Amino acid sequence: MEQNLLLTYLLLTPIIGSVLVLFFKKEQKELIRWFGLAVSLVAFVISLVVYFSFNQTNPQFQFIHQVIWIKSLNISYHVGVDGISLILVLLTTFLTPLTLLSTWKAIEKNVKMFTFSMLFLEVGMLGVFISLDIFLFYIFWEAMLIPMYFIIGIWGGERRIYAAVKFFIFTMFGSLLMLIAIIWLAVYASTTLGYFTTNLLDLYKVGPTVPHDIQGWMFGAFFLSFAIKVPLFPLHTWLPDAHVEAPTAGSVILAGVLLKMGTYGLVRFCLPLFPQSAVQFAPIISVLAVIGIIYGALVSMVQTDMKKLVAYSSVSHLGFVVLGIFAMTVESVQGAVIQMVNHGLSTGALFLLVGVLYERTHRRDIAFYGGIAKLVPLYSTVLMIAMLSSIGLPGLNGFVGEFLILIGSFKSPVLNSWWFTIFAASGVIFAAVYLLWMYQRVVFGQVTNEELKHELTDMNLREMIVIVPILIFIVWIGVYPSTFLKLTEVSTQSILQQVGTFTGNLLK
Amino acid sequence: MSSIPMEYYLILSAFMFSVGVAGVLIRRNAIVVFMCIELMLNSANLTLVTFSSYLGNSIGQVFVFFVMTVAAAEAAVGLAIIIAIFRNKKTVNIDEINIFKW
Amino acid sequence: MKRERGQIKNDTNMPQNNYEYFLLMPQLIIAVGIVLSVLVELTTKKSEQILPWLSIALFVAAAFDSILNINQNFVLFGGMIEVGGKPAIFNFIFNIGAALVVLSSIDYLKKYGAYFGEYYILVQSSVLGMMVMSGAKDILMIFMGLELMSICFYVLAGINRKKLSANEASMKYFLLGAFATGFIVYGIALIYGATGTTSIQNLVENFVTYSSNIIFILGFVFFLVGFSFKIAAVPFHMWVPDVYHGSATSVTSLMSTTGKTAAFSVLIIMLSAVFSGASNVFRPYFATISALSMLFGSVVAISQTNLKRMLAYSSIAHAGYMAIGLAAGNIFSVAGIIFYLAAYVFMNIGAFTIISIVEGENDSKTDLNSFAGLNAKSPILAALMALFMFALAGIPPLAGFFGKYYVFISAIQSHLTWLAILGVLSSVISVYFYIRVVVFMYFKESVEDFKIQISPYSLTAVIITALLVLVFGILPDTLMNVITSVLH
Amino acid sequence: MINLIYLTTLLPLAGFLINGLFGRKIKNEKVIGIIGSAAVGISFLVVLGAFIQTLGLPAEERSNTVELFSWLNVGGLHIKFAYLVDQLSLTMSLVVTGVGFLIHVYSIGYMHGDKGFWRFFSYMNLFIFAMMNLVLGDNFVVLFLGWEGVGLCSYLLIGFWYDRKFEKGTTSQAAKKAFVVNRIGDFGFLLGMFLIYMTFDSLNFKEVFSRAASFPIAESTFGLIALFLFIGATGKSAQIPLFVWLPDAMAGPTPVSALIHAATMVTAGVYMVSRASIIFASAPVVMTVVAVIGLLTAIMAASIGLVQNDIKKVLAYSTVSQLGYMFLAAGVGAFSASIFHVMTHAFFKALLFLGAGSVIHGMHDEQNIQKYGGLKKYMPKTYVTFFIATLAITGVPGLSGFFSKDEILWSAYANGGFVFWLIGAITAMLTAFYMFRLVSLTFYGKERFDHNHVHPHESSAWMTVPLMILAFFSVVGGYIGIPKVFSGEHGNLFEGWLEPIYAPAQAKLATYGSHTHLEEILLMTVSVAAALSAIYFALYVYGKKPQIAESVSNKFKGFYNLLLNKYFVDEAYEAAVIQPIQKGSEKFLWKIFDVKIIDGMVNGVAFLVESGSGFIRKIQTGVVQSYAVVMMVGIALALLWLILSL
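Protein chains in written order, with the numbering used here: chain A, 1 to 508; chain B, 1 to 102; chain C, 1 to 488; chain D, 1 to 646.
So here's chain A without its partners, still in its complex pose (with noise of 0.2 Å):
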C-alpha cells in the first residue's frame, strides 16, 4: 500500500504550530495573531491539494498513510480520506482561519494561550476527520475537548465555568461509553479475525458478525456518544449554554465543525459496524431527530438573546442531518452530508455577525437591537444573505441538504412512512418564522435605542474577507451542487452498500 504523507503533514502543520506559538513571548500580540492565522492558512493550502489530487470517483480510502504506534495492542498511525471526510476537513481548514481572523480584535486576554488552543483545536479536528484507526479516532476525539474547554472557560461569558463543565462532562460521559465499545468490539475481533485489532477497516468485516443482542448495546454505546455531540433531542441542553458562554470564536468553530464530528461519526461508524441495529433503531432515532427538528424551531422563537436562538436553530438543522442519515437512501444520506456543510457555513456565518454586533455593544440581546437597517446597511444585506441561507431559500445552499433530505427519507424504505418527512417539511416553516422574526426585529422598524446611532459602525474591511468567502459558497453551493455532491457520491454510495449487504439490501 503506497504510503502517501500529505494527510501527516496536513496533521503536523497545526501541531508544530501550536508548539511553536508557545515561544512567542505573550506581549507580540499581533505576531502571535499573524503566525496563528499563517499557520491555518497553510493547512488550507495543504488541504486544497488534498482535494485537487483526490480521485473522485474510488470509494476507498485515499492519501492511506500507516504506521505502527503501539505494537503490544496493534495500534496504528493510520490516517486517509474518503469522499465524505475530504469534505469535512475542508470545511475545517476553512473555517480555521477565518475563525482566527474573525477575532482580531475580540481576544485581548493572553492571545497566546488563545491561538494555541484554537491550533490545537484544529488538530484534534482534522484528526478525527481523517483517522481510520477506531483507538486514534478516539485519541482524537478526546484530546479536542481539552482546547475546546479551555476556549469556553477562559474567554467565555459569566456562566462560562458552569458552560464549560457541563460540555466536558457530558461528552466525556458519551464518550467514554464508547471507549468500552472500542475495547468490546477489539477484543470480539481478536476472537474472530484472531488478533486483537482496531483498525476500522478490518472492523468492517467484524462489526457486523457480533450477534445481535449485544450487537445492540455497541450500537447504543457508539450511538449515545455521538448523540451527545450532534446534538439529538434530549441531550441537547449543553448546547445553548456554551454557545451562548463561548466567545464568538469558539461558538463559531464549535457550530461549524465540532457538531459536525458527531454526525460524522453517526456515518462512519454506526451504520458500517452495526448496519442490523442501525436499520432496527432507525425508526426511533428518526423520531427523535424531527422532534429536535420542530423542538428546536419552537424554541428557538422564542428565545430573547441571538446567540441562544442561533444555537437552538442547530438543534434544528442537526435534527435534519440526523434524520437524513438514518433514512439510509442515498439522496439522504447524500443531503445529510452536504447539509453538514451547510450548516457549518450557515450557522458559522450568523455567529460571526452576532459576533460583529456584540464587539459593538457587547450586548446580545434582540431588544436593545432595532431598526439598523438604516445604520449599517451592508451588514443588513449579508446578515439577510445569512439568514435566508439558513432557511434553505432555493438558490442557496441550505435548500440543497434540506430538499435531498426530505425527498431521501420520504421515499426511504427503512422509515417506509411519510409522517417522518410530513413533521421534519413542517420544521421549514418554522424555521422561516424565528429567524425572520429576529431579523426583522433587529433590522426592521424605527431604530429604537439612542445608544445604537453612535456605538454601531457598519462592517470593516476585515470583518467583510471573513464574511465574503462564506457568502460565495453559500451561493455555489445553492447554484452549482453538483462539485460539491460529486466529491461524496462515492462514498456515500459505498457505505450504504456495506450497510445494504448485512440486512438484505433493504435500501434500493
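None of these hints come from the bench; they were simulated from the model.
Everything hinted at is true.
Label pairs and their computed distance ranges (CB to CB):
hint	chain 1	residue 1	chain 2	residue 2	range
1	B	Arg87	C	Lys110	20 to 30 Å
2	C	Ile50	A	Leu41	52 to 62 Å
3	C	Lys110	B	Gly56	52 to 62 Å
4	D	Leu644	B	Asn98	28 to 38 Å
5	A	Gln3	D	Gly584	55 to 65 Å
6	C	Lys451	A	Thr381	51 to 61 Å
7	B	Val19	A	Asp213	50 to 60 Å
8	A	Glu108	C	Lys110	36 to 46 Å
9	C	Ile214	B	Val19	19 to 29 Å
10	D	Val285	A	Asn416	24 to 34 Å
11	B	Arg87	C	Lys451	27 to 37 Å
12	A	Lys205	D	Val285	51 to 61 Å
13	C	Asn73	A	Leu41	54 to 64 Å
Note that the structure is predicted; figures quoted are calculated from it, not measured.
We put the beta carbon where it would ideally sit given N, CA and C, even for glycine.
Model the placement of chains B, C and D on the given structure of chain A, informed by the hints.
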C-alpha cells in the same frame, strides 16, 4: 508427640486472636490497644508453633523468631509515637485524636 | 496429619557460583548506602546537605543496575528471593520514584520543619524493604520486606514530632498498620498450617489442590485482607485520607506511590497462579473491592476542598481501577496493572510535588482556593498541574489513559464488562474534581496573593515526572514492551 | 429565438446585480430606472420573438426545452436547470414581461424622490428573474426555485418602507406574515413534489406527465398529489385557508401591489394547477374541491370588498375574488379559460392598481376613499383609464373581462352545475357593485378632502402612458378568446393555442354535456343584466343618496362589522394557531421542558452525586476505632462470602 490433639492449640490461639481483635476495637487507651495487637501477633506465633510441631518441619519455628523480632521493633516504634502524642496532647485517649475528619 | 517434610525442589536456575550473588546488586547498593548514611549522620553536622545527594545517587545506581540486568532472572538463597524479571521492573519503579521524592523534598523539608538527615535514612530503608518484598519467593521474605517498609513509613509519617497533625497521622497509620499485620501473620500461619511450606513457588504450582482446603482459603483471605489494607481498597481504606492529609507532602507522595506499588507487587506474586488462569476463586472478592473503591473514591473526592485529601481519595479510586486487573486475572491484566502502577506512581509524585511547592508554612495553602489563579502567578506550575490532572482523569494522550485502557481490555477479555462500565462511570465522576482544579487555576482570579517561591530541585523533579508521563502517554510501547518481555 | 430564452432570466438577474451592487453609487434615478425597465423590456422582446417563432411551428413541435446545466444528480434524482418553451409558458411569460415592463416604467415616476430608489428597482428585477424561472421551468424543482424566489421578493418589496407603520403593526410584520403564509403553502407543494418523485421517479414535467397518462396509478395517489399541490397553490394564490396575507401585502408600494399581488405572482398557483392539469384531471374529487374553494373564495372576498374604505384593500379583495374565479375555471376543467382570465385580469387589475397609485400619488398618500370625491376633473387621464378597467372587470360586454368571465361562468354551468353558475353570477354582481362604489366615491360626487393642503393633480407622463397602454389591452385583450358561441368553430384562438397542452387532461375528464348555444346566450344575458343593474344601483346609492349606504350599514350592524373585519379570520388564526404555538413554546417548551426538566435532570444528577459525597464522607469520623470497626465489617463480609461460596 504429646497426646494433646492439635485442635485444642488452634482453638486457644483463635480465641486469643479474637480477644486481641476485640481489645483493639473496644479499649480507648492507645497503649492498651497496642498491647492487644501484640496479643494478636502472639496468638499467630502459637498457631505457627503448633503447626510446626505437628507437621514435623522447623519452618514454623523459624518464622516465629522473625515474628518476635518484628514485634519488638514495632513495639519500640509504636511506643515512641505514643510518647510523642502524649507530649503534644497530654492524653493517650484515641478518641481525642481526631483533627482530621471527613 | 503427619506429612512428609516439604522438600525444596532443586531449582533449575539456582546460581551455581558466587557471580550470581552480584545480581543482588540493587539491594546491596541500598543496604551499603544505609550504613554509609548512618556514618555520615554521625560524623558531620551538615548531614542534611550531603545525604539527599547521596541517596539520589544510590537510588539512581540501583535503578539502572536493576534495569541493565533485567533478563538475568535467578532465584537466590534457596528459593528465598528472586532477581531480574518482574522484581527488576518494580525495583526500577521504587528507586526512580524514591529519587524523585528525595529530589523534591530537599527544599520542602526546610519549609516543613523536618530538616534532619534521619529522613533520608528512613526513605532508603523503606525502599530496601519494598525491594525485598517485590523480590520475595518465600512468604517469610514478604513479611520481612513488608514490616521493614511499614515501620519506616510509620516513623516518616510522624517525622516532625512537634506537629500534632504528623503525630496523629503516624499514630493512626501505626495502629491500623499493626492491626493489619496481625491479620497477615495469622493468615500466614494458617497457610503454613495447610500447606506445610512457605515457599511461594510451591504454593503457586499446586494452588488448585490447596484451594480445596478450607484452612488454606481462610488463611489466604486473611492475607488478602491485610494487603487490601496496604493498597487502600475500600473497606480497608479508612486510614488513607487522614494519614495522607496529616503527614508531610513528600512523605505522602512516597507512601501513596511506591508503598502501594510494593503492596500490589506482593499481590501479583501471590496470585500468579490465578493469573495463569488456574482458578479464579478470588474473582468475586477482588471485583467487589474494586467496584467499591472506584465508586467511593471518586464520589467522596468531589466534596473535598483540601488538595492532599482529594488526591488521597483519588488514590483509593486508582487502587480500585488496578484491582480490576486483579479481578480480571489473565496474563494481559498483569501487564496492565504494572503499566498502570508505573503511570500512577509518576502522575502522583508530580502532583504531590507541585502541592509541596505551593504549600506555605505549617500546612497552609494546600486547599483549592490557594490554587485559584495559579496560572497568573506561575504559568509553568499551572500548566504542569493541569497536565497531571488531565493524566489522572484519563484523558487520552497521557499515561493515565493507557493504564485504564489496558486494565479495561483485560476486564472485557475475562467477561467483566460490567466492571469496566463501572470503571468508566467512576472516571466520568472523577473527571469533575480533577477538572475543578484546572478551573480554579485557570478560570478564577487568585483570592490571596502570596508569592510562590519555586525551588529549582522540586521543579526539575516535576519536569522529569511530566516528561515520563508524556512519554508513557505518547509512546506506551517503550514501557509495555519491557513488561511483556519480562512476563513471558 | 427560442434557444435565447435564457436571456429572459439572465437580463433581470443582471439588472438586479447592477442596481443592487452599484445602485447606491449611480445617484441619478433615471439611469437606474432605465436599466431596470430595459432589462424587462428586452426580455419581453425576446419572449415575443420566441412566441412568433413558435406560432410558425406546427402544433405538435411547439414545446421544446432549452437546457442550461445539470443542477443535481444524486441517486435516482436527475434535475437539470432547463427551460420549457411551450404555449402555456409563452403565454405566461408574455403577460409577466409585458405587464412587468409597463409597471417598471410606471414606477420610475411613482418612486421618484424615494431614497431607496435603487433598492426598489433591484428587487423588482430580482422578482422578474424569479417569476420567469417559475414560468419557464422545465421541472418541478426549477418551478419551486422560482416559487420561493417570488415569495422572497414579495417579502422584500412588501417590507420595502421598513420604517413605516402599517395598520396595527409595521410593514415588515406584514412582509413576515406574507412570507410565512407562503411558506406554509410551499410546505404542501414540497410534499406534493416528494410524492410525485416517489410515484413517477422523476420531477421533469415531460416525463411525469407522460407517465401520469400511461402508468396504472391508483386514483387515490393522484388525489393526494393534487391535494398537496393545491395546498401550495392556495398559499401562493391566496385562496380560502391561506388568503390572509394578500390584504396585508398592500403595505408595499402600489407598483409592487400591481405587479406582484395582482398580475403575476398570485397567478403562479393557477399556472401550476394548469401545468399539472393531467394530475388534477385524474383526480375528480380534488377537481371539485378546487372548484368549490375557488367559488367560496370568490364570493367571500367579494362580500368583504363591499365595505372596505381603503382603495388598495378593495382592489386586493377583488383580486382574491377574481383568483377564486380562475380556480373555479380550473376546477371545472376549463383550464384554458382560467389562463385566459389570468391574462385579461393581469391587464385590467394592473391598470386598476396603477390608477389607484396615481390617485394616491395625487392625494399625497391618502388611501381612504371616503376622503376622495370629484377627482374626475383633477385627473382626467387616470379617471378615463380607471373607468375603462372598471368596465372590463365588471364584465360589461365588448371588453376583455366579459369574454373571459363569461367563458368561466359557462363552463361552470356546463360542467359544475347550475349552483356553481348561480354563485358565480352573484359574485359578478357584487364585483360590479363594489367597483362602481369605488369609482363613484373616488371620481364623482362632492369633494370630501380639505382643499387647503391637499390639491390633487394629474400624474406625470411616466405614469399615465403605461395606464393608457394597459387600457388599450384591457379592451382589445378579450378578442383573441371570443367564445365559440359568437365566433363559431374556428373562433376561440386562445383556446386553440393552448389546446395541445390540455389534450391529455381533457381526455381524462368527462365530456361536456350537450348544451345548445341557446342556453349559453340566455345565461350570458342574465349575468350581464344582473351586472348592469348592480352598476346602476351603485351609481344611484353613492352618486345621489349616500345616506342610504349609512342606513343600510346601521340596520345590519352586526353583518357590516363582520364584513369590515374580514370575518375575523385574522383574529381566528392569531388565537387558534399563532398564540398557542408562541405561548406554548415559550412557557412550556423552553422555560419548563428545556430548562426545568432536561437541565433539571442533568443538574439533579450532579446535585445527587454532590450531596451523596457529602453524606458518605461523614463515615470518616477521624477516630481510629471507627476505622478498625469498618475494617472488621469488611473482614466479616469476606468471611461470610467465603463460607457461602464453599
